[in-house]
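Chains A and B are the protein sequences, given in the same order. No gaps in the numbering here: position 11 of the first sequence is 11 in this note's numbering, and each next residue is one more. No gaps in the numbering here: position 2 of the second sequence is 2 in this note's numbering, and each next residue is one more.
No lab work stands behind these hints, which were simulated from the structure alone. In this text, a Cβ means the ideal position worked out from N, Cα and C, and glycines have one as well. One or more of the hints may lead you astray.
From chain A, some residues computed to sit far from chain B (all C-beta separations above 12 Å) [stated by the list, open to error]:
| no. | residue |
| --- | --- |
| 1 | I12 |
| 2 | E59 |
| 3 | P86 |
If the Cβ cut is set under 8 Å, some of the chain A residues that face chain B in the computed set are [claimed, not checked]:
| no. | residue |
| --- | --- |
| 4 | T49 |
| 5 | I93 |
| 6 | G110 |
Here are the chains, one letter per residue:
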Amino acid sequence: GAVVSQHPSRVICKSGTSVKIECRSLDFQATTMFWYRQFPKQSLMLMATSNEGSKATYEQGVEKDKFLINHASLTLSTLTVTSAHPEDSSFYICSARGDYRTDTQYFGPGTRLTVL
Amino acid sequence: GENVEQHPSTLSVQEGDSAVIKCTYSDSASNYFPWYKQELGKRPQLIIDIRSNVGEKKDQRIAVTLNKTAKHFSLHITETQPEDSAVYFCAAREKAAGNKLTFGGGTRVLVKP
Chain A
1 GAVVSQHPSR
11 VICKSGTSVK
21 IECRSLDFQA
31 TTMFWYRQFP
41 KQSLMLMATS
51 NEGSKATYEQ
61 GVEKDKFLIN
71 HASLTLSTLT
81 VTSAHPEDSS
91 FYICSARGDY
101 RTDTQYFGPG
111 TRLTVL
Chain B
1 GENVEQHPST
11 LSVQEGDSAV
21 IKCTYSDSAS
31 NYFPWYKQEL
41 GKRPQLIIDI
51 RSNVGEKKDQ
61 RIAVTLNKTA
71 KHFSLHITET
81 QPEDSAVYFC
91 AAREKAAGNK
101 LTFGGGTRVL
111 VKP
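Could you build the full structure based on these sequences and the hints that come with them?
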């Protein structure tokens, strides 16, 4: 099946710094990528949807200026957590979907962010 | 928007028994319903999916049924094994909302040997 990678897998940073997470589709072109946040023992919460070459669509309550999303190519999307604070600590997971003929979303392995 | 409810939140079964997880959705326009399995600290893995033009789909020990009229779908795992222990999420796709998935709250399944 399709493979999605995410980097880094873990990151620890100081409060106030910015962290960039990369999501790559390795063997298919992802016209749409999704970014989720998952708290311990909870479900996946969609943060935003990004389509290649256009601005991301953010879910209600998600701050656009804090969670910057870029989908510059068909195989790469990035999420930058700006001015991170301890409450931003979480598991961030991306998923990728091919073209309109494909229903399936394939998930990356996730990035565990810890903000000190 | 779409709302997906999932029950039960936890499920403990004896190895070899069956496990059933049920989900309901609110948007009658949703037309794609995947199920994901997530082990601790790992990515969700698609295990089976069903589209709205199909009532049932089976893949070895896993089956999914869909009742469009009642707006609910279920996951059935037969002959459970300890490696089936994980958290299972159902989801529904909102076609009118950029094809995004709305997830249920998850079911933690424990298969006791």
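Okay, the hints, checked on the actual structure:
1. With a closest Cβ-Cβ approach of about 16 Å to chain B, I12 of chain A is found to remain outside the 12 Å limit, as its non-interface label requires.
2. Consistency note on E59 of chain A: stated as away from chain B, yet its beta-carbon is not over 12 Å from all of that chain's, at 9 Å minimum.
3. Against chain B, the non-interface label of P86 of chain A holds: every CB pair exceeds 12 Å, the least being about 20 Å.
4. Interface hint status for T49 of chain A: upheld, as the beta-carbon distance to the closest one in chain B is roughly 5 Å, under 8 Å.
5. Taking 8 Å as the C-beta cut-off, the interface hint given for I93 of chain A holds, the closest approach to chain B being about 7 Å.
6. With 8 Å as the threshold, the beta carbon of G110 of chain A comes within range of chain B, its nearest partner Cβ sitting at about 6 Å, so the hint holds.
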